[in-house]
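A.B. asks: As given, the protein sequences belong to chains A and B, one line each in that order. Take the first sequence: its letters are residues 1 to 295, numbered as in the numbering used here. Take the second sequence: its letters are residues 296 to 618, numbered as in the numbering used here.
Hints should not be assumed to be uniformly reliable.
[To be verified] Straight line, CA to CA, 30 angstroms or less: simulated DSSO-like cross-link-like pairs of lysine-lysine: (1) A/K100 with B/K303; (2) A/K191 with B/K371; (3) B/K335 with B/K371; (4) B/K598 with A/K191; (5) A/K133 with A/K243; (6) A/K2 with B/K301; (7) A/K205 with A/K191; (8) A/K92 with B/K515; (9) A/K272 with B/K597; (10) A/K272 with A/K2; (11) A/K213 with B/K396; (12) B/K396 with A/K100; (13) A/K23 with A/K2; (14) B/K597 with A/K191; (15) B/K607 with A/K113; (16) A/K205 with A/K219; (17) A/K140 with A/K284; (18) B/K515 with A/K191; (19) A/K100 with A/K140; (20) B/K396 with B/K515; (21) A/K243 with A/K140; (22) B/K301 with A/K113; (23) B/K597 with A/K213; (24) B/K303 with A/K191; (25) A/K2 with B/K597; (26) B/K335 with A/K213; (27) A/K272 with A/K243; (28) B/K598 with A/K219; (29) A/K92 with B/K301; (30) A/K23 with B/K396; (31) B/K303 with A/K92; (32) B/K515 with A/K23; (33) B/K598 with A/K272; (34) B/K515 with A/K219; (35) A/K243 with A/K191; (36) A/K113 with A/K219.
Bear in mind the hints are in silico, worked out from the structure with no lab data behind them.
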Amino acid sequence: MKYAFFPGCVSRGGCPELYPAAKLICQRLDIELQEMPGASCTGAGVLQEKNEFLGDTLNARTFAMAEDLGLPIMTICSTCQGVMSQANHRMKSNPEYLAKVNVELAEEGLEYKGNAEPKHLLWILIEDYGLDKLESLITKPLAGIRLAPFYGCYILRPTDALDFQDNPDRQSSLERLIETLGATVVDFAGKTRCCGFPILTINEKNSMAMVGKHTAEAKDLGADAMVTPCPLCHLNLDAFQPKASAQAQRSIDLPIIHMPQAIGLAMGISPKDLGLQRHIVSTKALITKLGVAAG
Amino acid sequence: MDVTFKIKRYDPEVEAPESYWQDFSLTLDDSATVLDGLIKIREDMDGTLSLRCSCRSAICGSCAMRINGHAGLACKMQVRLALDDDNVIIIEPAGVMPVVKDLVVDFDMFWSKIMEVDPYLRPEGTEPDAEYIASNEAMLHLSGVTACIMCGACVSDCTVMEVDPTFLGPAALAKAYRFTADPRDGDAQGVSRDRLEALNEPTGMWDCTRCAECVEVCPKGVAPMDRIMALREQAINAGFDNTYGARHAEAFSNSLEHSGQLDELRLVPNTVGVFNLPVLLNMAPEALRALTHGKLPPIIHKKIENADRVRKLFRRVEDPDRS
Chain A
1 MKYAFFPGCV SRGGCPELYP AAKLICQRLD IELQEMPGAS CTGAGVLQEK
51 NEFLGDTLNA RTFAMAEDLG LPIMTICSTC QGVMSQANHR MKSNPEYLAK
101 VNVELAEEGL EYKGNAEPKH LLWILIEDYG LDKLESLITK PLAGIRLAPF
151 YGCYILRPTD ALDFQDNPDR QSSLERLIET LGATVVDFAG KTRCCGFPIL
201 TINEKNSMAM VGKHTAEAKD LGADAMVTPC PLCHLNLDAF QPKASAQAQR
251 SIDLPIIHMP QAIGLAMGIS PKDLGLQRHI VSTKALITKL GVAAG
Chain B
296 MDVTFKIKRY DPEVEAPESY WQDFSLTLDD SATVLDGLIK IREDMDGTLS
346 LRCSCRSAIC GSCAMRINGH AGLACKMQVR LALDDDNVII IEPAGVMPVV
396 KDLVVDFDMF WSKIMEVDPY LRPEGTEPDA EYIASNEAML HLSGVTACIM
446 CGACVSDCTV MEVDPTFLGP AALAKAYRFT ADPRDGDAQG VSRDRLEALN
496 EPTGMWDCTR CAECVEVCPK GVAPMDRIMA LREQAINAGF DNTYGARHAE
546 AFSNSLEHSG QLDELRLVPN TVGVFNLPVL LNMAPEALRA LTHGKLPPII
596 HKKIENADRV RKLFRRVEDP DRS
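Same shape as in the complex, but just chain A:
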């Protein structure tokens, strides 16, 4: 299996532990990754506030590069996934719009033919790779560990752009992955809600209220950690958890794990190689409970 790899900005920026962890587990899974060094940021929905056409054209540019490579695109970020899927949906459902985008791409000799189907690693594991095959590679099941799923809005909504109609399993993909890793799913209402990251600089109080509400709810239901396929959610839920905890006037102390890190732990990769020591909320208690050496 080979994919055009689109890691996104945050996996190499604010969450620098994610990019190597994802590459490490893909290597173990025998998933080959081809980098696209000329691909730009998706716009993250923020550029789209200012100019949606420009954002869509940037994504079409990335899709065209992957088409030229003859490879499907893999993302490791819910936000990248959602923004790409939304752009793709607009272009695929409107040939005139796609033609307008292609006029811009032609300036640098590119054309998006409309065949890209960007997929998050989470969906790839379930739909292309197979959870049975993943299970066969698990050497250190996360038995006894209680993990709360946290999806990130963009990988869940709007469902028409994300093809949920044709792929209904995407709705519960993270829970199914957690079960495959041998852990127990902590189901909670906040799992599909917003982490608050998009309004962090605009309305910090509301953003922190969201972090506090979701992490505290999972903690109170007995979660050992929260697992997310979105590095932006991770940034808010982990790096800003101390602030959210102060605002909520209660302790929370819930480690937030990137999805590839959880997979890596179940495959017996050391916590250090997966970058768990880089998290703001300490992962030490989790590592102790796992019964593995930290590094």
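Here the structure of chain A is known, so what remains is to put chain B in place on it, guided by the hints.
C.D. replies: Below, chain B alone, put in the same frame as chain A:
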């Protein structure tokens, strides 16, 4: 089909009222809607069950409630499509708004926010001799927003209103867009400057997180979040570009234009202002923790390969002189 309705109930008239769950087992036709089931329960099993309903045709907007955790119209959802493996369906009152009794919520907050955006045309300048002219295209575009039936589903599931009821919210902001996008509203060019200025304030358009819950639960395809994004674009284009939200979009865009990817380190200072010490100091503990954990984004921001091509694309698309 034999089904169980698990309903969240609340009676304000008992001593120390508290919500509680009650199960009702009943037999329904395969084509029954959730509302059919609820009416059957009220008529045949428990006459005290309170709910609002009227048209049964997804037109009046009375019967919005949470079905299996998400807002929707009870009359539009078929029971057989909402059952779990044990043939159970979970029914709760709409969220965010206070519960009056059982599935009936108090809509005062919903209506006061709609009223806050002055939901009527406010043309400026001289009146035309005859009628105001609007193009078919503009009116067809607006028909997507005027499809709103004020059911409150979007407000029920809004992730911001859940933590901050002062937010104007998806219904009122979509309603505001219905007027800002109307060529008859505002100045001679159809720009509703006063409205955009007011909506640019805290609790307005920039407080939305873009979570898309409202898009997903709206039974009429109004897509409130998309209207809020369009409001932001209108506000920036009208020159209201000095909010954190607008500056965040600008700083983000500049970063992409310059290097093809996001410069996370400079995004916050460029948004709030490099000399805005109170806000920057407020973020200092997080920055320090990131630094000590090896998580601070790179000081020297890298460009993607052939970043100049992205820069040229930005310039072409954003060229104001372009027709």
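A.B. asks: Can you confirm whether the C-alpha distance between A/K272 and B/K597 stays at or below 30 angstroms?
C.D. replies: Roughly 26 angstroms separates the two Cα atoms, so the pair holds.
A.B. asks: Compare the distance between the alpha carbons of B/K607 and A/K113 with 30 angstroms, and conclude whether the hinted pair is satisfied.
C.D. replies: 22 angstroms, holds
A.B. asks: Does B/K371 lie within 30 angstroms of B/K335 when you go C-alpha to C-alpha?
C.D. replies: 16 angstroms, holds
A.B. asks: Checking one constraint from the list: CA of B/K515 to CA of A/K23, max 30 angstroms. Satisfied?
C.D. replies: Roughly 43 angstroms separates the two Cα atoms, so the pair is violated.
A.B. asks: Has the given pair, A/K100 with A/K140, been kept, meaning a C-alpha gap of at most 30 angstroms?
C.D. replies: 51 angstroms, violated
A.B. asks: What's the verdict on A/K243 and A/K191, does the C-alpha distance respect the 30 angstroms limit or exceed it?
C.D. replies: 20 angstroms, holds
A.B. asks: Within a Cα-Cα threshold of 30 angstroms, do A/K113 and A/K219 meet the stated pairing?
C.D. replies: 47 angstroms, violated
A.B. asks: Run the distance test for A/K133 versus A/K243: straight-line Cα separation, threshold 30 angstroms.
C.D. replies: 41 angstroms, violated
A.B. asks: Taking 30 angstroms as the top limit, are the C-alpha atoms of B/K598 and A/K191 close enough?
C.D. replies: 35 angstroms, violated
A.B. asks: Does the structure keep B/K597 and A/K191 at a Cα separation of 30 angstroms or less?
C.D. replies: With Cα atoms ~34 angstroms apart, B/K597 and A/K191 exceed 30 angstroms; violated.
A.B. asks: Within 30 angstroms, alpha carbon to alpha carbon, are B/K598 and A/K272?
C.D. replies: 29 angstroms, holds
A.B. asks: Assess, step by step, whether the Cα of B/K301 is no farther than 30 angstroms from the Cα of A/K113, and give holds or violated.
C.D. replies: Violated: B/K301 and A/K113 sit about 49 angstroms apart, past 30 angstroms.
In summary, the numbered hints that this structure violates are 1, 4, 5, 6, 12, 14, 19, 21, 22, 23, 26, 28, 29, 30, 31, 32, 34, 36.
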